[in-house]
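Fit chain B to the known structure of chain A by using the hints.
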Amino acid sequence: MGTPGWLSWLTAFTSGRDPRSESWDRVPHWALCSVGSLLLPLWDETHFGKMGSYYINRTFFFDVHPPLGKMLIGLAGYLSGYDGTFLFQKPGDKYEHHNYMGMRGFCAFLGSLLVPFAYLIVLELSKSLPAALLTAALLTFDTGCLTLSQYILLDPILMFFIMAAMLSMVKYNSCANRPFSAPWWFWLSLTGINLAGALGVKFVGLFIILQVGWNTISDLWHLLGDLSLSVVTVGKHLTARILCLIVLPLTLYTATYAVHFRVLNKSGPGDGFFSSAFQARLSGNNLHNASIPEHLAYGSVITVKNLRMAIGYLHSHRHLYPEGIGARQQQVSEPFVLSVLRQHQAVDPLDPSFPVEFVRHGDIIRLEHKETSRNLHSHYHEAPLTRKHYQVTGYGINGTGDSNDFWRIEVVNRRFGNRIRVLRSRIRLIHLVTGCVLGSSGKVLPKWGWEQLEVTCTPYLKETLNSIWNVEDHINPKLPNISLDVLQPSFPEILLESHMVMIRGNNGLKPKDNEFTSKPWHWPINYQGLRFSGINDTDFRVYLLGNPVVWWLNLLSIALYLLLGSIIAVAVQRGARLPAEVEGLSQVLLQGGGQLLLGWMLHYFPFFLMGRILYFHHYFPAMLFSSMLTGILWDTLLRLCAWSLASSSLARGVYVVGLLSLLLGTAYSFYLFHPLAYGMVGPLAQDPRSPMAGLKWLESWDF
Amino acid sequence: MLGFLKRPVVVTADINLNVVALTAVGLLSRLWQLAYPRAVVFDEVYYGQYISFYMKRIFFLDGSGPPFGHMLLALGGYLGGFDGNFLWNRIGAEYSSNVPVWSLRLLPALTGALSVPMAYQILLELGFSHCAAMGAALLMLIENALITQSRLMLLESVLIFFNLLAVLSYLKFSNSQKQRPFSLSWWFWLMLTGVACSCAVGVKYVGVFTYLLVLAVASVHAWHLIGDRTLSHVRVLCHLLARAAALLVVPALMYLLFFYVHLILVYRSGPHDQVMSSAFQASLEGGLARITQGQPLEVAYGSQVTLKNVFGKPVPCWLHSHQSTYPMIYENGRGSSHQQQVTCYPFKDVNNWWIVKDPGRHQLVVGSPPRPVRHGDVVQLVHGMTTRFLNTHDVAAPLSPHSQEVSCYVDYNISMPSQNLWRLDIVNRESDADVWKTILSEVRLVHVNTSVALKLSGAHLPDWGFRQLEVVGEKVSRGYHESMVWNVEEHRYGKSQEQKERELELHSPAQMDVSRNLSFMARFLELQWRMLTVKSDGSEHKYSSSPLDWVTLDTSIAYWLHPRTSAQIHLLGNVVIWASASLATVVYALLFLWYLLRRRRSIRDLPEDSWLRWVLAGALCAGGWAVNYLPFFMMEKTLFLYHYLPALTFQILLLPAVLQHISDHLCRHQDSLCGWSP
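One line per chain: the protein sequences are A and B, in this order. Going by the numbering used here, the first residue of the first sequence is number 1, and it counts up by one from there. Going by the numbering used here, the first residue of the second sequence is number 1, and it counts up by one from there.
The shape of chain A in the complex, shown without the other chains (with noise of 0.2 Å):
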């Protein structure tokens, strides 16, 4: 399966040119030239191939990431002649016709190009091109880099953006000198756009806004202090920063969420994660062109849903709780066709001779189960598995009850008037007695309670999207009915709601107690890898692992090079004075490295503080910056070593055999490993016959 990859791989090989297009060139097709030769999709492309399809089959779906990322994988599959109609049920299932390699191709043209950027980022900071060609080496020899820009993943379009942000930053912060002149605009209209690419794809762009927001800020302190500028100037430079760097991605931000609900108008898996209004957007959903009547009144069937994500309708049936939990009343759980009645009714609301009365906020109510003709009731009695709460029971015999069945309703958004409204009118059922908020627990009741979500009346009057309600069905013959489309969410209303349930889903990817999960301190010592696919010996196996030359390379050097930083910056305070070629060593390594040693730290330090469950994958932007740093480093360092030497000769020797080794070195161990990233095949490494004989340094290692 490796063969025809490998082919292209050496061409290329031996056909690379100078240094400098070396890295243009060779690189991509390095990435490129694999890309086809696995016929199966890997780990998470499963989830990410999917939703491209969704997107050119224009169906509805829920993910916890923003959609930038996947709208780019559907439009490849959509350029590429992709249809749409592989199903991507799980890891392994065959290909077979359809035609995934543009999308494949498309993730790993976008891979590829992060090499050249790192190259081209480093010697903007560093002015030595050295440096960069190091830089873009141990890119290119990296096995992890290479594996995750391989396939159908958002990692590499995230990694593109965020390189590009940086890449042009830092081209705009060169262009400093000649303010307002094309190519400053240029650049720094670039890394807004950037940085809305990089947050459209995941919500971790973040931290190269944070990078780009702290280096403009320096910047405009700087150009405040410059005291040959008029405060008239420095207004129009913050101005420009706040036309290109805020509103500019915002709106880029905003439009691709406009697209994205444009073009998924199609009732799809993710329906259920929002709240029924949104979904009387999407074709194919029940609530879709329905009419009903727009005000509830007395007599009104219902039904009500909670606006908590994914949690289903208030319901009842002919179960009686079971004895010893609570009173032996009939369950109420979610997912109640509900009659909503006066509270002590003597008329028949359907009786046409009686008047249309609308439910107001604040009336007293009784809600009446349909089916059982029960109340919904409440008591002093615990609630099944929440035990602070009350339980909540159908009571009563064809509605009559007793004085627990009495429920206030109050509006929560009374945008709409004292009247409710069906899908937008939030609302909450007080129960009069104990002064107690029906809610839902999300908890699941046992087989007793057939698994449904257990539904309680708490106490504890705090606003939380678990007492929510709102009405959705709604049955009132003597109401006329109108049609939902005017009861349509406006755009912002759908972005924020969108956001919530995005940032509640991330929030419950929690990890488990007693299994095994990936921390961020694992991630830098290269302590485990990710098993893309293939388990036994007689798999197709892919292991994403960086190069442990290159991480190791990269820790090591980041520990040098806070020695050294804080060696050279001591020494500057203490008032020593420095030869002119440390001097404008020490400022590269200060600055360029400094700004790329934030870089590390904002695109890893923040995981520490994540409680949500964290991947090995979510070090690899954090990597690249730890690379560059490197790059820039180990120039400094033999720069410095050559100086300290009396000899010219011998300098330059010291220099070049330094860096060569460098870079052989890696290339080697790339050698070494790139099995893990172009697949393998045959026995696990333990086996002296296995093409990784030797390789599992680490006992963690698993391929």
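Since the hints were made in silico from the structure, they are not lab data. Take these hints with a grain of salt, some might be off.
Some, not all, of what chain B presents toward chain A, calculated at C-beta under 10 Å [unchecked claim]:
#, residue
1, Arg229
2, Lys542
3, Ser546
In this text, a Cβ means the ideal position worked out from N, Cα and C, and glycines have one as well.
Using the frame of chain A, we list chain B on its own:
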């Protein structure tokens, strides 16, 4: 030597009556009717149980904070002669006559009272006027939330005291830096800063934020010191080393000291033992130590053992098996091997006993001399009561279908051979020839045929498994996790050949003699780790609030309500103080930004010394507010209004500083606010 003969000994006392008066009023407001109400008020119910544990010297585990705070409260109980006999179960319960309520509440009240004169001192040291300092102290004095919190057996006032002490002593230190570095008072204040910081962290973890703030200010000052070229290199190095010793080493040592004293005080076993490792439990008096005392140390072939899971979550439990088999078909339609269940059982039971067997021999007794089991040895584990072999095979586990089922092998005479060889992997070994030791060794049992390790999955089996915990075999390659690690807890050398005799032996308690001591560091590390990882149930509370509610004072807490008279204690801030303090923070931020931008354009609104004073006041007071408030937005635990009080005190300090600044610099042409001018 006889100098006093020539010159008289003169003592000049310099008494600031303001401070004396403030201390007196502070004490009065905090101590008046301290023992009222004689009932459990709010969180006293929570701290009280720990005081009782200290009085009875019983070990406990509390995840809410380091032990120093609890120990201080317990000191009050000790001085009042409290015997610890009170059932802390309900807020509002009347104290029985043996509870010395006054002395239990004395310490928080004293620290609360002393915060008043300290606020005065801090503003003086920051370079503000006596008028401003009086203002700060009076605001601290009359803030009712602080009074309420200080008058009860709670820790916030103690925390606030140490926070202020850290800031005050750092200011004293840094002011004496200019005149007399390395003098006695310089050392005193420097050391006191370190000590106060560690005490703040020792009372509550959130004290760490003030510590970090002081460290940050100290490092900025140290950086200026490095830049001071009038000092020699050696002198600078001495300065830096002195600071590092006082602000880094001393706090670390103090923190260890708290735990050292804590572990000396609570040496008896108690209800929280179960959470700790077997080795830790064995170091406590009573409890497990009574059982394991005298066990043979080295596990040998033929040893009878119980195996405890080291991770022990959701509950600590022991490897267990019983007569029942896995159901042939699970509820979801998957099949099982129908062999004997192996579970993890959270109670001591005779079915927790296993016998370590050499696969090459038949006997189940320890030979003479005993042959110890070493790292890497292949063993079989035989369930004591049923004499079946621990076994795993390529069948999906009942609740974790991605892992293998673990069973005790029953030979149904079908084509499913027994696979009962396990390789011993001692995780905490020192060399590869280590012997498997009771209690001390943490081991993984790795299945020879399938390379899976015996693991506690954390799931509870349904009714057919008697709600015990599921044990599975998980691929070693999935990564190392503590839930795969086990240790021998009870251990004895098996002597009975016959099954009947062996059953009798299993029922009899193990007795022999070896005592074991765990080093302090090992106990400290384990205790600290368990304290940090103990899960609070995160349950909702009627009076819990979010950080945003605190600034606007949109929340309050009913601390206590008299059952008949409806007399009550309610934690509620003084709206005037809260609003004006928040306003002062906003004014400070805006003015600071204004000055900063104008200085950048070389417009100096302030003389250099008042600018530096303004910045330092902001760094410590506005900074103190920010570091004690903003982190709460990231915390997932249940939060209450009282969590805001440390932040509030810093805000209160800022208010008079801002007022004086406005009157000094912005209203120069008008009457100054205090009628006092510099």
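Hints, verified against the model:
{"no.": "1", "hint": "Arg229", "result": "holds, 5 Å"}
{"no.": "2", "hint": "Lys542", "result": "holds, 6 Å"}
{"no.": "3", "hint": "Ser546", "result": "holds, 9 Å"}
In summary, this structure violates none of the numbered hints.
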